[in-house]
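Asks: Read off the chains here:
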Amino acid sequence: MAKSIGVGVIGIGMGGTMLPLNLDENSPFEVRSLCSGTASKVEAVAREWDIPHWTTNYRETISRPDIDVIGIYSPDHLHIEHVTAALDAGKHIVCTKPMVTSVEDADRLVKLVDEKGVKFLVGQTMRFEPEFTAAKSQLDRGLLGDLILVEGHYVHDMRHVFPSTPWRRDVPQDLMYGGISHPLDIMRWLVGDIEEVHAYGNRAGLTPEVKIKANFILNVKFVNGVMGRVLGMYDVVHPPMPMMGIGLWGSKGTLMADYTDLKGGHINVVYDDIEGQPVGTFDFPPETLGAYGHGDTVLRYMAQFADCLEHDREPSPNVRDGAKSVSTCAAAAQSIETGEVVKVRNEF
Amino acid sequence: MAELGVGVVGLGMGRSLLAVNGMPDFPATVRGVCDLVDDATAAAKKEFGVEFTTNRIDALLDRPDIDIVGIYTPDHLHKDQVIQALEAGKHVLVTKPMSINSQESEEIISAVKRTGKRVMPAQTQRYVQSHMAVRRFIDQGEFGDIYFVAADYYQDLRPVYDHTPWRYQHPQDFIYGGLSHNIDTMRFLKGEIVEVGGYGMNSGLDPRYPEGIFETFVLNTRFEDGTIGRIAMAPAVRPPLPNIYVQVFGTSGTFVPNQIVLDSFEGKPVIDFDFTSENWSFAEIRVLRNFVDSILADKPQALNEIDGARITAVGDAITASVTSDGSPRKVRLDF
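So the protein lines, in turn, are chains R and Y.
Here the first sequence stands for residues 18 to 365, numbered as in the working numbering.
Here the second sequence stands for residues 7 to 341, numbered as in the working numbering.
These are calculated hints, taken from the structure and not from any lab test.
Given the structure is predicted, the values throughout are model-derived calculations rather than measurements.
Mixed in with the good hints, there may be bad ones.
[As the list claims (entries may be wrong)] Straight-line alpha carbon distances no greater than 27 Å define the calculated BS3-like cross-link-like pairs of lysine-lysine that follow:
1. R:Lys153 to R:Lys58
2. Y:Lys336 to R:Lys360
3. R:Lys280 to Y:Lys274
4. R:Lys20 to R:Lys153
5. R:Lys228 to Y:Lys274
6. R:Lys269 to R:Lys153
7. R:Lys20 to R:Lys58
8. Y:Lys123 to Y:Lys305
9. R:Lys128 to R:Lys360
10. R:Lys20 to R:Lys133
11. Y:Lys305 to Y:Lys119
12. R:Lys230 to Y:Lys123
13. Y:Lys336 to R:Lys230
14. R:Lys20 to R:Lys230
Work out the full structure, taking the sequences as your base and the hints as a guide.
Replies: So this is what it looks like as structure tokens:
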């Protein structure tokens, strides 16, 4: 396939997972510019991958006429600046999660994307992991019956991540957005919009310089009446459980799907109509490409994005999905402060 | 060496205790049983050598050779039977829940004061091997400061309804009959729950369980020291998870069934614990053993009527939350 769509990448840690697009003959995308805060690092990566342009000034990447799509993989708190600049330049956007870290910024982006008429994909990796897409397929085909209860979790001992991404410790990253957006987005994908949330949070103090809460439990009620809950623990001794997981309790079956970086995933499922109700287990082999092993996932979501650009389809998750995840996180943060149940804004 | 005599009322769950009659070193013997089903009492006599059988609780309570009465009847009968046994001068072991509202708890507490006899709620989860092991790690300080404890309860209730139809006929309120397992496990591992809130629904999975009463729950909890926890109960199609799923997260270690990670080990290996397979009967017998030993040694038993009242009070707070807007409610602790 001709490399007809130019891509500029801001942030080359997780953003480095876009580079294999250049080797993918089935993809129309070609990474043509890299931007990173560290001059020596961006030059080395650009030379290694034979990328014609590199810079430490994101405006250079955004303003290039041979670039149609900007991939934004900068620290969470910089997304709003980078996305609005790219939108102003009329570029299509792929933005890693969390899209932004406030409802006001989410609102701005929705309006700006509408105004510019560009495509916007939130890079929520869970939606593109095979065990979770398989779980959605089971649900959508009715194999689990009517949903009763859904849960999601993402747990991660962040002490292991700070050395390679010190901004998470030093800014610090607010993991209510940076972490909880993973399970919240996939639960929204599976069930629909969330109506209200109650949450508790705390910090364990394992990284003394991080003063904000980084452990969260959420109860949610969906607009369609299904109940759910979320576990997100980041100030934590790495628990002996999969990094990410969902649980679907249905009237005809119960399904647990999980994923761990570089270790692959599983589905364990029990169908009510199989006599003896054996636990069926699916093993999904590890994927190891790119940062944290998310390279294949990024290729899959970029394939979807190519299709959206070619056929004028709406990406999933799009800017409104991103905004609703952000507003749910904001409602949970508010609940932690007030102790009360908080309604979630879904109108964007 | 049997020193105390035990009488068991209700041989569904209570049957678990009969095995002590085959244990020569156990300091008590089941000397009487009471059940409405004659086949059940006859089997107790034949298989476990129980001397006295009846289908009238007062006949059992009249026996002078019985010191402890185990109440294993449907939840809504517990309060009257516990008080009746106390008034008859017996110590009482009562299966969970001790009571199904705080008014009942108050009546039991007064009866204990009046009679000077003991009540022990048989909260078996404290005596499940893996939970005892977690408690050991906590006590030894290996998990550091605990800041999160969760206890979920997953059970396909349809086969349970088949052999205990009272649960849908009366019906059982699972906020007390089910969640008491989760609640006491969390109390055992972390301390008193002071605040709880969340959502409840009727799954509709079994049409025999009446509409309008909940058996599916997601709850957030807060402990006395401000740390947090959560509870779920899902009576769904048998989930591929342990029946009781406990999580304990501390500043230097974590537990999920049945694995731990300790920060002190370089490389943070996951340590697997492969416990001997055993059914709940063993936990029931450990509860009885604690009660008997405590009575003989004149020491406090692991749980008393105040514990039972506090577990029920958490249930009352859950009821208030799930039947209104889901906001958290304070738990009454002053019993």
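Asks: Taking the hints in turn, state whether each one holds.
Replies: Tested hints:
In summary, the hint linking R:Lys153 to R:Lys58 is not supported, as the alpha carbons are separated by about 39 Å, beyond the 27 Å threshold. At roughly 21 Å between alpha-carbon atoms, Y:Lys336 and R:Lys360 fall within 27 Å of each other, so this suggested pair holds. Restraint check for R:Lys280 and Y:Lys274: satisfied, since their Cα atoms lie roughly 16 Å apart, inside the 27 Å limit. Simply put, R:Lys20 and R:Lys153 have alpha-carbon atoms about 32 Å apart, too far for the 27 Å limit, and the pair is violated.
Between the alpha carbons of R:Lys228 and Y:Lys274 the distance comes to roughly 24 Å, so the proposed pair stays at or under 27 Å and holds. The hinted pair formed by R:Lys269 and R:Lys153 meets the criterion: a straight-line CA distance of about 15 Å does not exceed 27 Å. A C-alpha spacing of about 25 Å is found between R:Lys20 and R:Lys58, which places the hinted pair at or below 27 Å, so the restraint holds. At roughly 13 Å between alpha-carbon atoms, Y:Lys123 and Y:Lys305 fall within 27 Å of each other, so this suggested pair holds.
The suggested pairing of R:Lys128 with R:Lys360 holds, with an alpha-carbon distance near 22 Å, which does not exceed 27 Å. The suggested pairing of R:Lys20 with R:Lys133 holds, with an alpha-carbon distance near 24 Å, which does not exceed 27 Å. The straight-line distance between the Cα atoms of Y:Lys305 and Y:Lys119 is roughly 17 Å, inside the 27 Å bound, and the hint therefore holds. Distance hint between R:Lys230 and Y:Lys123 is unfulfilled; the C-alpha atoms sit about 47 Å from each other, more than 27 Å.
Simply put, Y:Lys336 and R:Lys230 have alpha-carbon atoms about 23 Å apart, close enough for the 27 Å limit, and the pair holds. For the hint pairing R:Lys20 with R:Lys230, the CA-to-CA distance comes to about 45 Å; that exceeds 27 Å, so the pair is violated.
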